[in-house]
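Peer 1: Sequence:
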Amino acid sequence: MGLDDLREFRRLDDVRPAGARGTPVVADERTMGAMRRVFGYLFPAEWEPAAPPRSWVATIAWRLLRPRERTSVAITSRDRSGAVAAFDFVALPVLHGPQYECNSFLFRMDAPGAGGAPRWLLYMSDVSELDVAAFAPQLREAQQQLLSPAEAAADAAPYQPLELLVLDMMSWAPYVSHLSVEAALALAAALGARQTHFTGLSHTLEYAAMTQELHRRGVGGCMAMGYDGCVIAEAADGGA
Numbered sequence: 001m002g003l004d005d006l007r008e009f010r011r012l013d014d015v016r017p018a019g020a021r022g023t024p025v026v027a028d029e030r031t032m033g034a035m036r037r038v039f040g041y042l043f044p045a046e047w048e049p050a051a052p053p054r055s056w057v058a059t060i061a062w063r064l065l066r067p068r069e070r071t072s073v074a075i076t077s078r079d080r081s082g083a084v085a086a087f088d089f090v091a092l093p094v095l096h097g098p099q100y101e102c103n104s105f106l107f108r109m110d111a112p113g114a115g116g117a118p119r120w121l122l123y124m125s126d127v128s129e130l131d132v133a134a135f136a137p138q139l140r141e142a143q144q145q146l147l148s149p150a151e152a153a154a155d156a157a158p159y160q161p162l163e164l165l166v167l168d169m170m171s172w173a174p175y176v177s178h179l180s181v182e183a184a185l186a187l188a189a190a191l192g193a194r195q196t197h198f199t200g201l202s203h204t205l206e207y208a209a210m211t212q213e214l215h216r217r218g219v220g221g222c223m224a225m226g227y228d229g230c231v232i233a234e235a236a237d238g239g240a
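Residue numbering for the sequence shown follows the UniProt record's numbering, beginning at 1 and increasing consecutively.
These aren't lab readings, by the way, just hints derived from the structure by calculation.
A couple of the hints might just be wrong.
Each pair of labels, with its calculated beta carbon distance range [what the hints assert, rightly or not]:
1. Y41 / G218: 32 to 42 Å
2. V84 / D155: 23 to 33 Å
3. Q160 / T31: 22 to 32 Å
4. E29 / F87: 43 to 53 Å
5. E213 / Y41: 44 to 54 Å
6. Y100 / A208: 45 to 55 Å
7. A208 / P149: 39 to 49 Å
8. S77 / G116: 24 to 34 Å
Just so you know, these numbers come straight off a predicted model, no measurement behind them.
Idealized CB from N, CA, C, for every residue including glycine.
With these hints in hand, go ahead and build the complete structure from the sequences.
Peer 2: Rendered as C-alpha cells:
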C-alpha cells in the first residue's frame, strides 16, 4: 500500500525534536483497522513481538478522524525551528467502486476571519460515481464547519462555490472504481469549481492530447490535466 515506505522518514540516524512521536498519519476507523491487519508491526504497542528497536521500521503517530467532522492538524518542523504547518479539513466519503467508500477532503485555503469570501479546495482523487444532489448538502455542512463563528453567523448562502477541485480521471473507457474522461468532465461541470485539475490519469491519457481536447470542448480555461510536480500557484488577485 506504500505506507511501509514511510520508514524513509524514520531512519536510525534521524534526529528529531524532543517529544516527537513519529510521522503523523490521520485515518478513519475502517482504514485504521486495515492498517492494523496489514501493518501490525507499525502498532508496536498492540503487536507482539514488537519490532526490534533498531529495525528500519516507520515510527508513526496514528490519529483517528471522523468523516463529516472537522479535523485539525498541526505538524511541527523537523529542523528544530519550531515552525508549524496547521490546517483544518473535513473528510467526505464517496464511492470508490460499487461497494467501497473512500474519503474526499474539503480544505479551506484562506484563514478563517481573514476577510473576503472563503476559498475552498475539494480533493477527490478516488471516486467512481457521485450523486451531486445528495453530496451538495454534505459539502455545504462541511463548509459551515470550517467557518469562524462570526462567518457562520453572517453566512446565509446555500452553497459556496469551490475555488479549486482536484478530481479523479482515469481513462476513456469506463472503470469500476475510477471516473472515465466523460464522467470526470460531467462531474467537474456539475460541481462547478472555478478551476479543476484532473489526477490519477492512466498511461492511456496523453497530456498534450488531453489538454487540446479540453480546449476543443471549451473548458480549457477552467479545467486542466494534472502532472507529476504540478503546483497550484496563488496569483496576485488571490485566484488559483
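Peer 1: State for each hint whether it applies.
Peer 2: Hint-by-hint comparison with the structure:
no.: 1; hint: Y41 / G218: 32 to 42 Å; in the structure: violated (52 Å)
no.: 2; hint: V84 / D155: 23 to 33 Å; in the structure: holds (28 Å)
no.: 3; hint: Q160 / T31: 22 to 32 Å; in the structure: holds (28 Å)
no.: 4; hint: E29 / F87: 43 to 53 Å; in the structure: violated (22 Å)
no.: 5; hint: E213 / Y41: 44 to 54 Å; in the structure: holds (46 Å)
no.: 6; hint: Y100 / A208: 45 to 55 Å; in the structure: violated (33 Å)
no.: 7; hint: A208 / P149: 39 to 49 Å; in the structure: holds (48 Å)
no.: 8; hint: S77 / G116: 24 to 34 Å; in the structure: holds (29 Å)
Figure legend: structure checked against the earlier numbered hints; hints not met, in rising order: 1, 4 and 6.
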